[in-house]
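*Asks:* Chain by chain, the residues:
There are 6 protein chains.
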Amino acid sequence: DFSQALEEIKPAYGASEEEIQEVIQNGIIEFDSEIHEILEKGKLFVNQVAKSERTPRVSVLLNGLPGSGKTVFAATIAWQSQFPFVKIISPDRMVGFSEAQKISAITKTFNDSYKSPLSVIVVDSLERLLDWTYLGSRFSNAVLQTLLVLIARKPPKGRRLLVLATSSLGQHIVDLGFSEVFDASIKVPPVSHLGQLEVVLRSVELFASESELRETLRQLSSAGFPRNASEAETPTLPLLVGIKKLLSIIEMARQEPESAGQRLMNALF
Amino acid sequence: DFSQALEEIKPAYGASEEEIQEVIQNGIIEFDSEIHEILEKGKLFVNQVAKSERTPRVSVLLNGLPGSGKTVFAATIAWQSQFPFVKIISPDRMVGFSEAQKISAITKTFNDSYKSPLSVIVVDSLERLLDWTYLGSRFSNAVLQTLLVLIARKPPKGRRLLVLATSSLGQHIVDLGFSEVFDASIKVPPVSHLGQLEVVLRSVELFASESELRETLRQLSSAGFPRNASEAETPTLPLLVGIKKLLSIIEMARQEPESAGQRLMNALF
Amino acid sequence: DFSQALEEIKPAYGASEEEIQEVIQNGIIEFDSEIHEILEKGKLFVNQVAKSERTPRVSVLLNGLPGSGKTVFAATIAWQSQFPFVKIISPDRMVGFSEAQKISAITKTFNDSYKSPLSVIVVDSLERLLDWTYLGSRFSNAVLQTLLVLIARKPPKGRRLLVLATSSLGQHIVDLGFSEVFDASIKVPPVSHLGQLEVVLRSVELFASESELRETLRQLSSAGFPRNASEAETPTLPLLVGIKKLLSIIEMARQEPESAGQRLMNALF
Amino acid sequence: DFSQALEEIKPAYGASEEEIQEVIQNGIIEFDSEIHEILEKGKLFVNQVAKSERTPRVSVLLNGLPGSGKTVFAATIAWQSQFPFVKIISPDRMVGFSEAQKISAITKTFNDSYKSPLSVIVVDSLERLLDWTYLGSRFSNAVLQTLLVLIARKPPKGRRLLVLATSSLGQHIVDLGFSEVFDASIKVPPVSHLGQLEVVLRSVELFASESELRETLRQLSSAGFPRNASEAETPTLPLLVGIKKLLSIIEMARQEPESAGQRLMNALF
Amino acid sequence: DFSQALEEIKPAYGASEEEIQEVIQNGIIEFDSEIHEILEKGKLFVNQVAKSERTPRVSVLLNGLPGSGKTVFAATIAWQSQFPFVKIISPDRMVGFSEAQKISAITKTFNDSYKSPLSVIVVDSLERLLDWTYLGSRFSNAVLQTLLVLIARKPPKGRRLLVLATSSLGQHIVDLGFSEVFDASIKVPPVSHLGQLEVVLRSVELFASESELRETLRQLSSAGFPRNASEAETPTLPLLVGIKKLLSIIEMARQEPESAGQRLMNALF
Amino acid sequence: DFSQALEEIKPAYGASEEEIQEVIQNGIIEFDSEIHEILEKGKLFVNQVAKSERTPRVSVLLNGLPGSGKTVFAATIAWQSQFPFVKIISPDRMVGFSEAQKISAITKTFNDSYKSPLSVIVVDSLERLLDWTYLGSRFSNAVLQTLLVLIARKPPKGRRLLVLATSSLGQHIVDLGFSEVFDASIKVPPVSHLGQLEVVLRSVELFASESELRETLRQLSSAGFPRNASEAETPTLPLLVGIKKLLSIIEMARQEPESAGQRLMNALF
Ligand SMILES: Nc1ncnc2c1ncn2[C@@H]1O[C@H](COP(=O)(O)OP(=O)(O)OP(=O)(O)O)[C@@H](O)[C@H]1O
Ligand SMILES: Nc1ncnc2c1ncn2[C@@H]1O[C@H](COP(=O)(O)OP(=O)(O)OP(=O)(O)O)[C@@H](O)[C@H]1O
Ligand SMILES: Nc1ncnc2c1ncn2[C@@H]1O[C@H](COP(=O)(O)OP(=O)(O)OP(=O)(O)O)[C@@H](O)[C@H]1O
Ligand SMILES: Nc1ncnc2c1ncn2[C@@H]1O[C@H](COP(=O)(O)OP(=O)(O)OP(=O)(O)O)[C@@H](O)[C@H]1O
Ligand SMILES: Nc1ncnc2c1ncn2[C@@H]1O[C@H](COP(=O)(O)OP(=O)(O)OP(=O)(O)O)[C@@H](O)[C@H]1O
Ligand SMILES: Nc1ncnc2c1ncn2[C@@H]1O[C@H](COP(=O)(O)OP(=O)(O)OP(=O)(O)O)[C@@H](O)[C@H]1O
Ligand SMILES: [Mg+2]
Ligand SMILES: [Mg+2]
Ligand SMILES: [Mg+2]
Ligand SMILES: [Mg+2]
Ligand SMILES: [Mg+2]
Ligand SMILES: [Mg+2]
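Protein chains in written order, with the numbering used here: chain A, 1 to 269; chain B, 1 to 269; chain C, 1 to 269; chain D, 1 to 269; chain E, 1 to 269; chain F, 1 to 269.
Be aware that a few hints might be false.
As the list claims (entries may be wrong) - If you want the footprint, here are the derived chain D segments under chain A, 3+ residues with CB under 8 Å:
#, region
1, 40–49
2, 102–108
3, 168–180
4, 190–204
Said to hold, decoys possible - Once the Cα atoms are required to be at most 25 Å apart in a straight line, the calculated BS3-like pairs of lysine-lysine come out as:
#, chain 1, residue 1, chain 2, residue 2
5, E, K187, E, K245
6, A, K108, B, K115
7, C, K157, E, K245
Calculated directly from the structure, the hints in this document are not laboratory data. Heads up, the beta-carbon is just placed ideally off N, CA and C, and yes, glycines get one too.
In isolation and in its complexed conformation, chain A is listed as follows:
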């Protein structure tokens, strides 16, 4: 049966469990119902790959601002798939690689996946894999071409593959030709109103007392930040902060408990 096949395959080419777990260890704070929906969509794509006869390969792009949580979503969906082959292609593990070495590492991961009946590959941070820089729109065309072909390529007969890529390239995704190779794309949202912020603040317990929390939110509200989703559409003062950045700001504020609220607000302006 399936789980047995899984057992046998793993030793052969190893689902890099540790790597994935490291990425997802800090968990996901559900500061909005959208967060849940992203994971649900992920499950649908996992099912499609596992079941549909006609689409043995499905590729999905997760895009959003820097630090909005793209990597953690991709890794979580991959992990929850329970597919026997799950790998992350990450720039973190390619520091100092030459263009040729990068291409070879990327290609190897795809080729390895073809040995498993069911695979997920997370292609993390297209911008860094491509050596992208806005100044002069420079990037590695060789890596780009490799990714364009590999993401679009059908796996061999009997093999199924889900590709989850992350990117903060925005519209450049189209200019670079990526839009043709993805079957679907999921938008990862930033924290954009005080209702969401409150969920996060409670979750990480920045403030010692409820009153401090209340007071901070009140001040942010009177400064003009949107209080809820509908206000966020036409904000006096927009709040657009990636969850990763927000968590980092909170940790800095935590260093000075007496003035945490003040520090937090300074950083948000």
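Got chain A sorted already, so can you dock chains B, C, D, E and F with the ligands onto it with the hints?
*Replies:* Frame of chain A, contents of chains B, C, D, E and F with the ligands only:
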């Protein structure tokens, strides 16, 4: 006789049957009479190569939007030719190749074809073979020059060659100098009205009931999508979707049978 | 005497007769008196090289639209010179060469020619030798510089050399600096009126009956194509087709004898 | 305990004490209260790294005009951290390195730091590490990508890292994509009014007599230089000089004690 | 004495007499008094190098249209110097050289010259040595820098060097930085009026009879070509042809004696 | 004592006396009091390096028009310093070097200097060291970065270094980032009025008689050239000639003693 020659030649340099069959295995849905005409035109070119004394080399370009079915048409025409030498030059098989390796692989295929009295070469996806990217109009000039010379080059005495190339480069084909090397070009159309869509939907049996199908088409129609070819010329809301993308959308919709119609419609807007 | 010298030289560095004959085998259809004049001009240059003391090197550029017959003219003039050394430098024989290999092959041909008292070198398709592409005006500067020097360089004492180059680069010839290195240039014309077309059609016997030919010409005429040279100067609908393309169109039309006229006309619009 | 761990680790991969001490040996003149605040902020980040569970990696950018003292601040904060691993990545020690050698040296420093429980890395002078030049906005993209990944990369489990980078790139920091990888940024101010200048002049004892000092300041004041912070906001004649440049000017002036005031003033205009 | 020194030196590093003689063998037609003056100026520079204590190195640029005779003038001045070391640095002898090989050959010639007490180096055709092309203003910066340094460099103590460079780069000479390294520049004029043309035609004896010559000149005059230097300043129809091109045209015309005048005129328009 | 230390050090890494003497052998004509001041300023910087504790490294830029005497000033200041280590980094000694070889030679000179307690390095002609060309603002970024770091780098403890660089790059010095690395800059002036010219002419004794000199100056004056410094500020006809060019012009004029005045004037217009 001919078939005997075929037998003898095959072992020597192998018509890559598997490769071709893999490409054409999903078949062609005849959602329009144009589909049939493309295959007929293909046969004419096959005949011309086989018979005309003056044109031992004929080259044809299949162009169309991404996912419109260019590769499957080229492969089908090649397969139906029953020529002893049939090969696909595909970026899928050149991942990670250096420029020099690509050129050498392409050149080898043409040189191999010169050993057979009758050959078809499918040059698939000029844009990927060239490492083309719209951003900065970058491409490999060395591969371009190789293709320009090889596609235009007459095979040696007594040898005949049909070249079928595919591309979604649109007008860039002219800028790149390809227009001079092709004897003819065939336009591969996207699905552009609901009549065609209906043929496809019936063919893949997305809906469990006729009423669901009807309802979905009715809603799409009232949304403004053209109902037939003549409406498609001046559409309220244009429908322009490659068959490959359409089939992918359908498979996603199939994952949630209860709301398949809705999913399909969301994806088409 | 001369012919004896010729005999002796040939074995040493071989006039590549086969190569030349292959190019000229399809012959030249004299669809206009200009065609004859080109060959006559060629003979004058051959004589000048053979006789003038002051110009041991003459270089001539044949330019014209793609497929207008430049290569066949250059090869024919070269062949008719009956010089002991006749060689074609052709991109067809340099596929996959690196820049350095191209330069070395080109240089070798010129150096070899210096061993013969009388030589013709056909430098075919400057645009392909240079890896020229209109998109971004890219080209190999190293090959360009090599050609500029070699075409302008005087052969050693007692040696005489005619260089015949072909190009469809139009005005770019000047930008690239070629205009300074050629002593003269010959324009190769396309088929530009129905009178010329008729000569070609009769010559290749596309139509089974005289009436079919007449009818086709009549229709083309009433569509607005110029009937003769004077009409071609201010045409309602210009006819500008290289003879090579025209012959290819004719062969395609020939595949459907019943509708050959129609096919021909479609292709000409 | 902690200090013992420190002892043990040092021999293994050496905190380069000498290197750091060399940088900080000339000390910091507290010409403004801001100077003190910078060092205090530095301590907060050091604490955050040492204590916060959620932010095992904190990265801070020190930016300011050339010669404003960025390097000395970064080195001082690093030194005062008393972390067992403290290293400076400096262009001074990479003269003549190839791009690959630079990348390898940078990467090695980060990898070495992962062996220590607590580390500080000073990434000094991003502009020189990147081979940045304003003329044509040239820079090494390979070094840029390496820094972007390494500065953002989380250290392995149980390791903590503070990255202190310095730069005078101003807004180009954003174009180059650095703004995403820093958790915070500190502005290093130039000397901008005569009150600050006076502190510096007294500290380095340029003038032999109080009257000379007074007279020089008086002249500078009447020339229009701002006398204090509030005047510096809308100065008649702005004073904007890095402390490094200022100290160099003072040393030149010192060579001619009789006209030191005059020399100083000439250099400040 | 001097001539003895000359004898001894020659065998050591060879004045390449043959090479020079080959260049100057066709002689100089004195079609204008300017021609004589160029050679006289040349002698002055030769004397300056030989005698002035303060200028052991003099560098002169000969510039003019392509084919105006720059090379023959430089070679003639060099030859007439009777200096023991006379060499031509010519692109003709560097075909197929890599950039590094070119630089090494150029450098070697200069270093060799330093072994002779008196030397002339002809640096022929700066544009070709630099791989210059107008399209995109491409050139070899490495060769340029080498020439800029070598032409400006003082020879070692006791050595004297005259550098004669030729170029048709016009104003680009300034852009490329050459204007700073030449002590003087000489303009080589084209044939610009019929008086000069007549001298040339008589000298090469194109026409069999005086009347033919007269008739041709009369026709050219009535076509509007300037008859003398003063008319050439504001010509109806300018005549601007390099002597090299003119001599080539004459040889072509000579092939058809009966219509030589006509051919000549066609070519001049 | 100091002079003994000097004796001991020299053999070890040699102050290249010959090299320097060669550069300064032709002497400096004091055609203006400014000339003297430049040398005095030089001495101040030498003293600063030798004495100030706080500035063990001082870097000075000498900039001016081509041929204004920058190199001779830098070499003279270096020579007069009597420091044990004096070296010139000159493009003249790097002809044909690759980028890497240049960088290595430059770096070696700096590293060698660190072995001497007191050193001067003349970095001659930044533009040629950088392979600078105005056309397209091309230059070697690798050499630039090396110079930026080395000129700014503090020598090791106990070592002192004066860097004297020369350049005619004008404002490009700023664009290239050099302005940040120099502590001071000295402007080297051209000959700009007839008073200065007269000093030069007398010094080199171009004219045989006082009357000839007077007459020439009178003519230049009436032509509109400025007679003195104040006229030079708003000249009718500006005189702006580097002393090097002027001396070269004078030597040419000297070749024709009878018309020396005329020749001189022609060259100055
Ligand atoms: N709702 C959430 N969504 C995403 N991440 C969350 C959420 N709540 C908490 N987190 C935490 O926020 C961090 C998001 O970081 P992550 O690296 O996934 O962002 P990213 O968008 O990939 O950033 P980058 O643009 O730098 O690649 C993770 O540490 C994750 O555990
Ligand atoms: N009428 C049709 N025409 C073409 N393809 C069809 C048709 N009906 C079904 N198909 C299927 O649609 C898919 C078309 O994909 P194909 O790769 O040929 O498109 P493509 O234009 O080459 O795409 P790409 O631009 O990505 O190269 C194939 O799987 C094919 O079996
Ligand atoms: N009058 C003619 N002139 C030239 N070619 C003719 C003529 N009549 C028939 N032909 C045939 O037409 C073809 C011309 O092809 P050729 O390769 O010489 O053209 P081309 O201009 O060199 O093309 P390209 O631009 O592709 O290099 C040859 O096969 C030749 O035999
Ligand atoms: N208040 C101060 N802040 C900074 N540096 C000071 C201060 N007072 C004195 N200094 C001295 O000024 C010098 C500042 O030099 P530093 O190299 O740190 O500047 P920098 O901004 O890094 O320069 P660069 O832009 O060239 O890298 C040091 O020698 C330092 O000892
Ligand atoms: N008055 C003249 N001046 C120069 N050349 C003359 C003159 N009369 C005859 N000639 C001949 O004209 C030819 C000039 O050619 P030369 O190669 O010197 O020209 P060029 O300007 O160097 O050409 P290019 O621009 O191609 O380098 C030589 O063959 C020379 O013998
Ligand atoms: N007052 C003067 N100043 C400078 N040089 C003088 C002066 N008087 C005479 N000379 C002589 O003028 C020449 C100046 O040449 P130098 O090479 O120093 O100029 P440069 O500015 O370095 O030129 P380049 O821009 O070519 O590098 C030297 O030969 C020097 O001996
Ligand atoms: Mg991420
Ligand atoms: Mg395809
Ligand atoms: Mg051709
Ligand atoms: Mg610094
Ligand atoms: Mg020449
Ligand atoms: Mg100099």
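*Asks:* Run every hint past the structure and note whether it holds.
*Replies:* A quick look at each hint next to the structure:
no., hint, verdict
1, 40–49, "holds (count 4)"
2, 102–108, "holds (count 3)"
3, 168–180, "holds (count 5)"
4, 190–204, "violated (count 0)"
5, E:K187 / E:K245, "18 Å, holds"
6, A:K108 / B:K115, "34 Å, violated"
7, C:K157 / E:K245, "20 Å, holds"
When the structure is compared with the earlier hints, violations turn up for hints 4 and 6 and for no others.
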